[in-house]
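S.K.: Read off the chains here:
2 protein chains.
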Amino acid sequence: MEHRTAAIVSMGDELTLGQTLDTNSRWLSQRLVEAGIVPVEHVTAPDDLERIAAVLARLAQGVDLIISSGGLGPTADDLTREALARAMGDVLVEDAASVAQIGSWFRSRGREMPVLNRVQALRPARGEAIENRNGTAPGLYGRIGEVHRLEAGATGFCDVFCLPGPPREMQPMFESFVRGRLSPPAGRVVITRVLHTVGIGESDLAMRLGGLMARDRNPLVGTTASGGIVSIRIRYEGSEARNRAEAMVERAAQEAAALGAPHVFGGGTDSLASVVIDKLRRRGERLSVVESCTGGMLGSVITEVAGSSDVFWGGWITYANQTKREQVGVSARLFAETGPADAPGAVSREVAEAMARGGLERSGTDHCLSITGIAGPGGGTEAKPVGTVWIARAWRSAEGIQTEARRFAMGGDRAAVREWSARWALAMLWLGLEGRGEVKLLRQVE
Amino acid sequence: MEHRTAAIVSMGDELTLGQTLDTNSRWLSQRLVEAGIVPVEHVTAPDDLERIAAVLARLAQGVDLIISSGGLGPTADDLTREALARAMGDVLVEDAASVAQIGSWFRSRGREMPVLNRVQALRPARGEAIENRNGTAPGLYGRIGEVHRLEAGATGFCDVFCLPGPPREMQPMFESFVRGRLSPPAGRVVITRVLHTVGIGESDLAMRLGGLMARDRNPLVGTTASGGIVSIRIRYEGSEARNRAEAMVERAAQEAAALGAPHVFGGGTDSLASVVIDKLRRRGERLSVVESCTGGMLGSVITEVAGSSDVFWGGWITYANQTKREQVGVSARLFAETGPADAPGAVSREVAEAMARGGLERSGTDHCLSITGIAGPGGGTEAKPVGTVWIARAWRSAEGIQTEARRFAMGGDRAAVREWSARWALAMLWLGLEGRGEVKLLRQVE
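In the order they appear, the protein sequences are chains Z and U.
Heads up, the first sequence is in the numbering used here, so the first residue is 683 and it goes up one at a time.
Heads up, the second sequence is in the numbering used here, so the first residue is 683 and it goes up one at a time.
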């Protein structure tokens, strides 16, 4: 049978009660879209047998494929095994191969299998267990049958794959077992494309895109704003030949890129960091950072990108003012505690520029980014409220070292102020490398 | 009417297709649990009018309260307004106050309201618009009536609050408008408590907890493993007087803490970083970091904690080997490119210890943590595969500077290797401060 549509399910009180963030559903959705299967719903269910079984049975009426994660652990709140059996109208039996695999997993670590883990070898009698090479929880495969689907006017089965919750067990199990069992409809093509913009708001971008965003078009074009980045999403879904569909998506992407230019900085999995790193690599230039309120986040975002070592020298986390003075040579005169009464203070254009210049000189790199601000919740004043951030950039030119600095009034909580600061430092560098330093960024005030 | 149970809904193709991570559902769940209302399901729906309306109508049969986020933007793929009206059996009308508010939002930024944004002022005729002080999208409130619920044997209404997607608009709107309208059942008490452990696996911890984890107990005790941290979750739900219920949860927490000791490092919103910072603050000691493969992530995790400036001096991002030599004085002899043929190399006990010692000496702090490893996907060798990470810790004692280093074989992708490394550096410091440096950590091999 064909898998036209799918649902993603995640299990656990820790998710429904908000104690843990679900990242598995996103990952699984990405994999299904790649394969040409459209996820139409995500559901998170608590550790409650009745509810999980009801969610599986209900979803099975409307989709051809369910992939779940979580609830396969060894403890009493792990209920996916029993819920799947119930939704299938089946009973649980012990899977001999799973008992052996769990036992050898423990033995290879020099231990006997704890009694508790034996429950992980249970599977629905008409289902299959899926070997877990990275943990003790086998996955499960089962079919929820026609009895449920006939009520909804559908025919055939709904295939259900239940995977463990930890991403490093779930992901390899998906790749090695589930991916090969996916059967997207023959001739069904789904192609998605994303373009990312910076320095333009969502409604301004939508007005530029105009009729391209009509809801009856295929490819369908939409926009999403997240953390100051507005992304253009393009999706073709239909039965055109793949190369023709790809050409349609390509044409829509080119049209959108032309309408969104010059704000479009990349597409797909590109980030400001990856785009900046590629640009610097092509120019043979190196980058350093000097961070205060972000405390290393900018460096962390840069080094998320594999291969960033080609251009990233490293930098300084100058969280204390003492560190700013001793490590990158910011003058003591600029700080309130060591300078004159009218010293500009740690969060100022002067200190931001001195940090970037000092970092550039001491590292010998071609570019240096610095950030100093008040992330909150404490530390704000009337003149410099929480969210005040100065970001500076220093670079070398024929005329010597150049600097620019911008002041931002970042909204949101401590985490948001820090994330925006790291992102906008990279946006400033991108704009600078593009020769478009005049473009203002969202929340920039100076 | 009372809000006994709730559902959380998030809207958007970017979520169902896995292009964006949903963090709103967790945040909203946390707020409802605080208020004594149990979220029993999260659903993510695509930008599809029929589906969103169907999700709202279905959920309204089973819960008393729905809170949604997203789909209130100005573009054609923002369909929450229309879906809510449809689920209510209502029509959309223009809300005069919203038109005025959106207009003044733009005017205060020196602009006219774009024509496109006028659609954001629509609301169901029997519903209410909710002012947005941080963006252009008003929220919506409406009731889905008895007609739906009677089918399910329930009475009364389901209250629906639709909030905008961006967290910095959604969160203040929840606080200023929704929180005051929540009506948890009189006498209904929900109390949750979480304890966090390090250095013990989930099934070992479950065996220690034993009967405390029986599913028919109240408070209910469960465990969740995430990134090497196993958390013990305790939840009371019932009609006992609040102080009695709190005493029951406190007793269960004490029992769990005693059974889990000495692995319990904190509870609630405590993290390894916050616990270590508190400990250092009480001891009047300061901390610095020297990071290679994590590129600033350890500093970022430390400075996530408000008040970390009391103890955190800052540090160095020594991503390039040149930076390790020049900035913290690691001997050139230790690196393959500048040392002898049998030099230990950048990822070695020797370099990790030299980084921590150099950082300690140059910063003058009391503790320094260093990380050097191979995050991948490239750079691995047979002797040092991807995931090989050395973490060192240096500190001062009466006998002079002391160091310890541990080698780990971290699993997972680049992001996982880096996250585990930053977390385990803090775990090593916590164990050291507790005088329990002998406890092995998960994935430690030396």
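Just so you know, these hints were derived from the structure itself, not from any lab.
Hints may contain errors.
Since the list gives no way to pick out one identical chain from another, each pair is judged satisfied if it fits inside one copy or across any two copies.
[Unchecked claim] The calculated SDA-like cross-link candidates involving lysine to any residue, where the alpha carbons are at most 25 Å apart (straight line), are:
id, residue 1, residue 2
1, Lys1066, Val931
2, Lys1122, Met795
3, Lys1122, Phe788
4, Lys1122, Thr705
5, Lys1066, Pro849
6, Lys1122, Asn816
7, Lys961, Arg686
8, Lys961, Leu891
9, Lys1122, Gly785
10, Lys1066, Gly989
11, Lys1122, Pro849
12, Lys1066, Arg850
13, Lys961, Val801
14, Lys961, Asp772
15, Lys1122, Val773
16, Lys961, Val715
17, Lys1122, Glu813
18, Lys961, Gly881
19, Lys1066, Glu684
20, Lys1122, Ala988
Keep in mind it's a predicted model, so treat the numbers as computed, not measured.
S.K.: Does each hint hold? Answer for all of them.
M.R.: Here is what the structure says about each hint:
1. Taking the shortest alpha-carbon separations for Lys1066 and Val931, neither the intra-copy value of 47 Å nor the inter-copy value of 43 Å comes in at or below 25 Å.
2. Proximity of Lys1122 and Met795 under a CA criterion of 25 Å is satisfied inter-copy only: 20 Å between copies versus 61 Å inside one chain copy.
3. Taking the shortest Cα distances, Lys1122 and Phe788 sit within 25 Å of each other only across copies (17 Å), while inside one copy they are farther apart (57 Å).
4. In this homomeric assembly, Lys1122 and Thr705 never come within 25 Å of each other (Cα to Cα): the closest approach is 33 Å inside a single copy and 28 Å across copies.
5. With identical chains, the CA atoms of Lys1066 and Pro849 are at most 25 Å apart between copies only, with a shortest distance of 23 Å across copies and 42 Å within one.
6. In the homo-oligomer, the alpha carbons of Lys1122 and Asn816 lie at most 25 Å apart only across protomers (20 Å), although the nearest pairing inside one protomer, at 48 Å, exceeds that limit.
7. In this homomeric assembly, Lys961 and Arg686 never come within 25 Å of each other (Cα to Cα): the closest approach is 40 Å inside a single copy and 55 Å across copies.
8. For a Cα distance limit of 25 Å, the shortest separation of Lys961 from Leu891 qualifies neither inside one copy, at 27 Å, nor across copies, at 54 Å.
9. With identical chains, the CA atoms of Lys1122 and Gly785 are at most 25 Å apart between copies only, with a shortest distance of 22 Å across copies and 60 Å within one.
10. Taking the closest pair of Cα atoms, Lys1066 and Gly989 come within 25 Å of each other only across two copies (18 Å); inside a single copy the shortest separation is 38 Å, beyond that limit.
11. Proximity of Lys1122 and Pro849 under a CA criterion of 25 Å is satisfied inter-copy only: 23 Å between copies versus 39 Å inside one chain copy.
12. For the homomeric pair Lys1066 and Arg850, the shortest alpha-carbon distance between copies (20 Å) is at most 25 Å, but the shortest distance inside one copy (44 Å) is not.
13. Taking the closest pair of Cα atoms, Lys961 and Val801 never come within 25 Å of each other, the shortest separation being 53 Å inside a single copy and 40 Å across copies.
14. For the homomeric pair Lys961 and Asp772, neither the shortest alpha-carbon distance inside one copy (57 Å) nor that between copies (53 Å) is at most 25 Å.
15. Taking the shortest alpha-carbon separations for Lys1122 and Val773, neither the intra-copy value of 63 Å nor the inter-copy value of 40 Å comes in at or below 25 Å.
16. With identical chains, the CA atoms of Lys961 and Val715 are never at most 25 Å apart, being 30 Å at best within one copy and 47 Å at best between copies.
17. Within a single copy, Lys1122 and Glu813 get their C-alpha atoms no closer than 53 Å, and across copies no closer than 28 Å, so neither meets the 25 Å cut-off.
18. In this assembly of identical chains, the alpha carbons of Lys961 and Gly881 lie at most 25 Å apart only when taken from the same copy (19 Å versus 43 Å across copies).
19. In the homo-oligomer, the alpha carbons of Lys1066 and Glu684 never lie at most 25 Å apart, since the shortest distance is 60 Å inside one protomer and 44 Å across protomers.
20. Taking the shortest alpha-carbon separations for Lys1122 and Ala988, neither the intra-copy value of 29 Å nor the inter-copy value of 30 Å comes in at or below 25 Å.
In summary, the numbered hints that this structure violates are 1, 4, 7, 8, 13, 14, 15, 16, 17, 19 and 20.
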